[in-house]
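*Asks:* Spelled out, the chains give:
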Amino acid sequence: MIETFQGIEFSPFLLSFKLAFLTTCILFIISLPLAWYLAQSRSKIKPYIEAVTALPIVLPPSVLGFYILIVLSHNAPIGAFFAETFDIKLLFNFTGLVVASCFYSLPFMVQPLQSGFESLDKNMLEASYIAGKSKIETILKVALPNIKPALMTAIIITFAHTVGEFGVVLMVGGSIPSETKVASVAIYEMVEIMDYASAHIYAGIMVLISFTVLLAVYIFNHKQHKRIGGFHL
Amino acid sequence: MIKIDIDKKLHGSQGEMSLDVKLEIKEHDFMALAGESGSGKTTLLRILAGLEEAEGSIMIGDEVWQEGGFSLATQKRKIGFVFQDYALFPNMSVEENLLFVHKDKKLAAHLLDLTELSSLKKRLPKSLSGGQKQRVSLCRALMNRPKLLLMDEPLSALDPTMRTKLQDEILSLYKEFETTVIMVSHDPSEIYRLASRIVVLNQGEIIEDGKTKDILLKTTGSQKFSFEGELLDIKRVDVIYVAVIAIGQQLVEVVISKYEADSLKIGDTISVSTKAFTPTLNRRD
Chain A
1 MIETFQGIEF SPFLLSFKLA FLTTCILFII SLPLAWYLAQ SRSKIKPYIE AVTALPIVLP
61 PSVLGFYILI VLSHNAPIGA FFAETFDIKL LFNFTGLVVA SCFYSLPFMV QPLQSGFESL
121 DKNMLEASYI AGKSKIETIL KVALPNIKPA LMTAIIITFA HTVGEFGVVL MVGGSIPSET
181 KVASVAIYEM VEIMDYASAH IYAGIMVLIS FTVLLAVYIF NHKQHKRIGG FHL
Chain B
1001 MIKIDIDKKL HGSQGEMSLD VKLEIKEHDF MALAGESGSG KTTLLRILAG LEEAEGSIMI
1061 GDEVWQEGGF SLATQKRKIG FVFQDYALFP NMSVEENLLF VHKDKKLAAH LLDLTELSSL
1121 KKRLPKSLSG GQKQRVSLCR ALMNRPKLLL MDEPLSALDP TMRTKLQDEI LSLYKEFETT
1181 VIMVSHDPSE IYRLASRIVV LNQGEIIEDG KTKDILLKTT GSQKFSFEGE LLDIKRVDVI
1241 YVAVIAIGQQ LVEVVISKYE ADSLKIGDTI SVSTKAFTPT LNRRD
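Line by line, the protein sequences give chains A and B. Quick note: the numbering used here has the first sequence finishing at residue 233, numbered continuously throughout. Quick note: the numbering used here has the second sequence finishing at residue 1285, numbered continuously throughout.
Heads up, a few of these hints could be off.
As the list claims (entries may be wrong) - Pair by pair, the computed Cβ-Cβ distance ranges are: (1) A:S115 x B:Q1075: 24 to 34 Å; (2) A:F220 x B:K1126: 13 to 23 Å; (3) B:P1160 x A:C25: 52 to 62 Å; (4) A:I57 x B:F1177: 49 to 59 Å; (5) A:L59 x B:K1003: 50 to 60 Å.
If you are wondering where the hints come from, they were derived from the structure by calculation, not from laboratory data. Cβ coordinates follow ideal geometry from the N, Cα and C atoms, glycine included.
Using the sequences plus the hints, can you model the full thing?
*Replies:* Written out as structure tokens, the structure is:
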């Protein structure tokens, strides 16, 4: 038993968390203006953008993975552009995984932020404009601090969802140790070679981490609701 | 002088209408804006604040806020706005709400002092009463020393005692800050106490404009006093008729003739006036 523990390779976990961290950071920056636009806009094209944004929720990961493979391949314009201009390959390496994860987890960042922004009192935002504050200042100092639960949900769910992805990662990244072999892929391979002992430990660690993260979010949101009406120190 | 000449198509409750307002307001004037709901009062305030678009021009002194295709951004118009629902920033304390507008601690302390909020300055808005919230909102609106203070039914959500107290505070702040005020209100006593001029809108157009007392006091000719009310009931008591009339919050009974009883119907808006005697006023404790 102890030998099994000692023999555990932790690099798949590190890789999973590195991927999830980078994806969350990039998606936060991309999603903030997008979610704000969707929350404020009354334009006719808004439903189209919303539908495209939500696609990764309903599409099978294999479909998403297939299109990402096609688009990022060095035979396609985007893949070729990155290969020639920056000498960056976007498939079967870590960079490719980050790009794919950003597509895959986009709705999990955009949707909570959007509904958070939509729940804000419109007059309150206008009061900030009247106070002479720009849109960016209003978003950072008025909008975001008042949607903390939504903000927290968006960040944590995006992170957890990226840690948990499997299909897209396998298709776009393959299983190169310390490069694209993340925890979920490692578990799949262990089960395939019937190494159930290691699979148990890996799967157990994943359950524990995911549960802790989700519990932390719910406790935080619960406290945020309770804080309403209290003193501000 | 503030010159407003604007035009905007609105989709009101009674179909399409056009908000068409030409107004000149003297500096430091306190103007009340009245009229039925849906007559365009709030929209007019929002256009002045630059929160809604309209055709036409807005001039504040020699400053152009709107002209032709040009419209000065809300952020650059020196205005204060008091919303009916306060619209305070829930994440900031009372003091921070004020300092967010303008980092002038002295002015903030002075305003909080005037409105008796100093002891609450570290509190979050959620823990305040309605009257306290509206005072914070009023102080916040004055933090950038606005040229134009816009108030959209600021006191309508408050109880009568709190309303009177806040009217006094609005009046003293108005005098101290020497700003021009436009206030939307439905309450004649409030308008009478605060405003010197009243403009009444109906279906997007100005139907009355003048000094508060000329328009609000509805006595004509030799009438000594006159009230407007709603006829609730006509009762026949032996040979006479008694009308029950709601005037403001009070119900009164008036003896009327058979001819009057026949010509009126329940639900009519009527005026009750007399010139035969001098009413006596007694202080109520």
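*Asks:* Hint compliance check: list the failing hint numbers for this structure, sorted ascending.
*Replies:* Of the numbered hints given earlier, the structure breaks none, since each of them holds.
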